[in-house]
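Going down the list, the protein sequences come from chains Z and D.
For what it's worth, our numbering labels the leading residue of the first sequence as 4, then goes sequentially.
For what it's worth, our numbering labels the leading residue of the second sequence as 4, then goes sequentially.
Since the hints were derived computationally from the structure, they do not count as laboratory data.
Keep in mind that a hint or two might mislead.
It does not matter which identical chain is meant; a pair holds if it fits inside one copy or across any two.
[As the list claims (entries may be wrong)] Listed below are the simulated DSSO-like cross-link pairs for lysine-lysine, each with C-alpha atoms no more than 27 Å apart in a straight line: (1) Lys193 <-> Lys339; (2) Lys286 <-> Lys338; (3) Lys50 <-> Lys193; (4) Lys334 <-> Lys515; (5) Lys83 <-> Lys8; (6) Lys544 <-> Lys472; (7) Lys515 <-> Lys339; (8) Lys515 <-> Lys562; (9) Lys183 <-> Lys338; (10) Lys339 <-> Lys286; (11) Lys228 <-> Lys339; (12) Lys334 <-> Lys228; (13) Lys80 <-> Lys183; (14) Lys492 <-> Lys544; (15) Lys286 <-> Lys183.
There are 2 protein chains.
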Amino acid sequence: MPIYKAPVNDTLFILNDVLGIERYHNLTGFADTTPDMLEAIISEAAKLAEEVLFPINLSGDQQGCRRHDDGSVSVPKGFKEAYDLYCEGGWLGLAAPEEFGGQGLPYTLHTAVAEYMSSANMSLMMYPGLTQGAIAAILVHGSEEQKRTYLPKLVEGTWTGTMNLTEPHCGTDLGLLRSKAVPNGDGSYKISGQKIFISAGEHDMAENIIHLVLARIEGAPEGVKGISLFIVPKFKLDASGEPAERNNVSCGAIERKMGIHGNSTCVMNYDEATGYLIGTENKGLNAMFVMMNEARLAVGMQGLSIAEVAYQNAANYARERIQGRSLSGPKAPDKKADPIIVHPDVRRTLMTIKAFNEAGRAFTLWTALKSDIAHRSDNEEERQAADDILSLMTPILKGVMTDKGLEHAVMAQQVFGGHGYIEEHGMSQYVRDARIAMIYEGANGIQALDLVGRKLAMNGGRAVMALFKEVGDFCEENRNDERLSSYTKALKKGLNDLQAATMWFMQNAMAKPDNAGAGSTDYMHLFGLVVLGYMWARMAKTAQEKLAAGETARADYLKNKLTTATFFMERIMPETALRRARIETGADTLMAPDAGAF
Amino acid sequence: MPIYKAPVNDTLFILNDVLGIERYHNLTGFADTTPDMLEAIISEAAKLAEEVLFPINLSGDQQGCRRHDDGSVSVPKGFKEAYDLYCEGGWLGLAAPEEFGGQGLPYTLHTAVAEYMSSANMSLMMYPGLTQGAIAAILVHGSEEQKRTYLPKLVEGTWTGTMNLTEPHCGTDLGLLRSKAVPNGDGSYKISGQKIFISAGEHDMAENIIHLVLARIEGAPEGVKGISLFIVPKFKLDASGEPAERNNVSCGAIERKMGIHGNSTCVMNYDEATGYLIGTENKGLNAMFVMMNEARLAVGMQGLSIAEVAYQNAANYARERIQGRSLSGPKAPDKKADPIIVHPDVRRTLMTIKAFNEAGRAFTLWTALKSDIAHRSDNEEERQAADDILSLMTPILKGVMTDKGLEHAVMAQQVFGGHGYIEEHGMSQYVRDARIAMIYEGANGIQALDLVGRKLAMNGGRAVMALFKEVGDFCEENRNDERLSSYTKALKKGLNDLQAATMWFMQNAMAKPDNAGAGSTDYMHLFGLVVLGYMWARMAKTAQEKLAAGETARADYLKNKLTTATFFMERIMPETALRRARIETGADTLMAPDAGAF
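Let the hints inform the model, and build the full structure from the sequences given.
Next up, the structure:
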């Protein structure tokens, strides 16, 4: 049977000790984030994840969602009850504004908690996850009336949300989309078209589903400049704002897919459905990007979530599976064989995942904190600096953490040998579920292009320069601390590779953008390594300080942090040189062959 | 709809031009391997793969195998008919001895053909694949009577074979196995026990199933020294050698698993089933390793097979999918968007897979040729030298090609975006099928341990020294050929890393074997990179020679070889430095934490 235990202590170490969240008490909603309060909330979330969401994860995969002949969709057994408990606990609205029924707590805290929830049951958490995106878009671009009408219901989870972008012929390139909007004359529109891959598109857990749909108003310009965003509720609302008449939107099919079987991925048909413009006409992409950016951070975190639960199961199996003997002589001589965790190669596997997960958790929370600062600080300079880093990190977090999420789910599965390939241990599900996160909300190749094509040059490179300075200063400040020098030395080397690769782009990709495209994925991972290395160096520094201050209660935990940090610097950081070397080969070899030569 | 076209020209280039198979006409069975004959056979195989096996691959995945209440198992629709055509074509016995009904042709040719068959339908090809292993074991260890009784039926495919090693508590560590054999007094034994993960364990395509079963004869020594191998036919044979009375062996369940749904992976229950000892009492592992080594090469090839078919589909999709514009301006201005193959990052993805596939094909055929020489040459020195390389390459071929098989199936799937995640394009199947090859026939961590723990030191390092010399000599001989120097320079650098890492093991792992274990997986991949690089250098040399000789018919193909070789040397070979750096960090950091710290 699969196991899961939320890593509460690690989350608290990062929030309290590494990031020093208490220092941010001046931000809106941060006043109550004392260590005690954080621990109380996070432990409560852990309990829900472990005891309610996780037990129905494997069964949810096995049962999947079912579409009935009338187009209605049933979710797996237990999902509705678990979803209700999640909503009743106020988890959906944890960081939402109080005026719409939320708790107004930090987004950082929401993120900490969301990691656990997605570890426990990614498919189920996608339903409220999509709702979060809808809330964000309506908050930023909705009219006051739209906010009052939709937000309270979405925040309490009585209604859920969706994002409708993709059409059969159009995914990344939204300029090609064909869905149409025709004005009714009363301010509403008739929306028609087919959307595919719509997560949570139809289900039986909510009283209403609020579809946010990209469509083209009749006569709008071609391409992305003619796209608008519409609210299309499954049930139109009556005068009192309650769901009433059924709208002309329906689920035509559920996709048969590799994983996330517990989430209903729908083909949605809009047949002159009534929709309401949100934000400005033809500026739908701006509104959609509010959802998208939020969603990209959440998806990056899914990579961590799955890698974490897969890791825990692999570590547990490695401790329990008795097979063969240690290379250096029996370690459990009283037994017929040693547990396989005696083997260096099994430990290498586990420590690789652990090193990415712990740094990934820090990376995710650090980025979430930037988001809080960017949205809640009253100091404009601070807001801007945080927003710069947030924008820069979004594609890296999404791309790197989800690539690693799959890679590490596969590594964890490998520890189980043949038992990992059959479905009953759940390892196959983690791999199959993790796979989607590399694809949706912008495939990782698109994240890499966003990074090198937009984020690097944004505001004259202000964000990337600030980040280089922050990491460089950290190395410099701790250069003479011999307890830290092995970490900062390795980090500095990684940073040098990153800076050199960045310089190479500046010199070689301006005139020839293919040179940026050819190195984009390597660059994204190179950047990720440096940021994760920075997280490890900061965690190591904190751990050293705590140990030096004589902290005994967490001594083993803190020493283990140092060992894992050492592993990351020894084994993982040297990859930056390889990434840089690949980038510097440029695009010529790649672009030489005709399309037909592939 | 998925597509597949067997890469006949590439196979012929490798066999005829790179490996010069005609030079081996003195080996038994090689007399007929003229270019014309090879082309005829290989083209016929391609036709069967493309037209018969491939069309039922996706449907086979969707239908899976079904166990009925009486323990019988049905294979997917069309499998039996396709299997019959495969057998009727003589493909199963292509390389088997003529005296048992085979065609006695080279194993190298069998391997070339098997790549196509597994690309087209891996699940279906596992049934005859397991039979090949049974044939090999009986050929080497069976009595004359056993050979006469079983081989002709296995070679023609009327009966199929299985390998029964794994038990619920015992996989890698066969010393733990509990299945029992009790002598009947007439030379036969009563076999009892439960075996799991038995591929092709029960099905409705053959008249009989010949199970090769590891069990412990009552009173045998503990551990691996007390294991014997038995033939346990599903139906016992009557006096004329025809299947008659049902034996007490039955399929208790079919495993629900991630992929290879078309193959019946069975729990097999032996309940005092009649079995016949094969080979020597308590020497069962020797006999099993004959099957295992053969199977490891076949599984390594499955990695190539899946990566190839996944690649072809991704390349095809990239040419057809219209989405977005080239970074350097529209390439298809008459259309609404460019095909995504204009993007450097898509090309990087495709070329990475292509570079591994083409070198992997050469690696596989080169190794298969070593097997032919080792078994068929009349020159003992030549036999031994070939057997050395074969033994050394077996874990590398299995481990590297299957790790890359999954990695590249995932990369190919990524080209499809969301369409790769749904089942209808078949990309999910390739990923799910490829995953098993990293696990079965010895998980890849075991391959890496076999390499560093046994194969390196075998005969005082004779094999590895010979290989280093061969690659080093190649670099030296072509050092001054400026058309080749960029290839040989990169290869030489990789070889240096491999030699340094080998030296590091000699100095650091003798006294402390954990240092070998800690670097084993990196070493296996480092070795793989060098061998694949060697294949690329040889292919580039051949291509240069052909082009210099004015060969025009294949000019585009040959130039493309050179481009792909350049890509491999530029982008892939530099990974050797990273692998070496990791190896040289040793085991200390890994071994430091308690098991509970993971």
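Evaluated hints:
For a Cα distance limit of 27 Å, the shortest separation of Lys193 from Lys339 across copies, 26 Å, qualifies, whereas the shortest one inside one copy, 71 Å, does not. For the identical chains of this complex, Lys286 and Lys338 are inter-copy neighbours only, at 24 Å across copies versus 68 Å inside a copy, given an alpha-carbon limit of 27 Å. Proximity of Lys50 to Lys193 under the C-alpha cut-off of 27 Å is found in neither arrangement, the shortest distances being 45 Å within a copy and 52 Å between copies. When the C-alpha separation of Lys334 and Lys515 is checked against a cutoff of 27 Å, the pair qualifies only between copies, where the shortest distance is 15 Å, while the shortest distance within a copy is 59 Å.
Taking CA atoms no more than 27 Å apart as the test, Lys83 paired with Lys8 passes inside one copy only; the shortest distance there is 22 Å, against 47 Å between copies. Taking the shortest alpha-carbon separations for Lys544 and Lys472, only the intra-copy value of 18 Å comes in at or below 27 Å, while the best inter-copy value is 48 Å. For the homomeric pair Lys515 and Lys339, the shortest alpha-carbon distance between copies (23 Å) is at most 27 Å, but the shortest distance inside one copy (63 Å) is not. Proximity of Lys515 to Lys562 under the C-alpha cut-off of 27 Å is restricted to the inter-copy arrangement: shortest distance 24 Å between copies versus 48 Å within a copy.
For the homomeric pair Lys183 and Lys338, the shortest alpha-carbon distance between copies (21 Å) is at most 27 Å, but the shortest distance inside one copy (69 Å) is not. Within a single copy, Lys339 and Lys286 get their C-alpha atoms only as close as 68 Å, which misses the 27 Å cut-off; across copies the closest is 21 Å, which meets it. For the identical chains of this complex, Lys228 and Lys339 are inter-copy neighbours only, at 15 Å across copies versus 69 Å inside a copy, given an alpha-carbon limit of 27 Å. Taking the shortest alpha-carbon separations for Lys334 and Lys228, only the inter-copy value of 21 Å comes in at or below 27 Å, while the best intra-copy value is 67 Å.
Proximity of Lys80 and Lys183 under a CA criterion of 27 Å is satisfied in neither setting, with 37 Å inside one chain copy and 43 Å between copies. Within a single copy, Lys492 and Lys544 get their C-alpha atoms as close as 13 Å, which meets the 27 Å cut-off; across copies the closest is 42 Å, which misses it. With identical chains, the CA atoms of Lys286 and Lys183 are at most 27 Å apart within one copy only, with a shortest distance of 15 Å there and 74 Å across copies.
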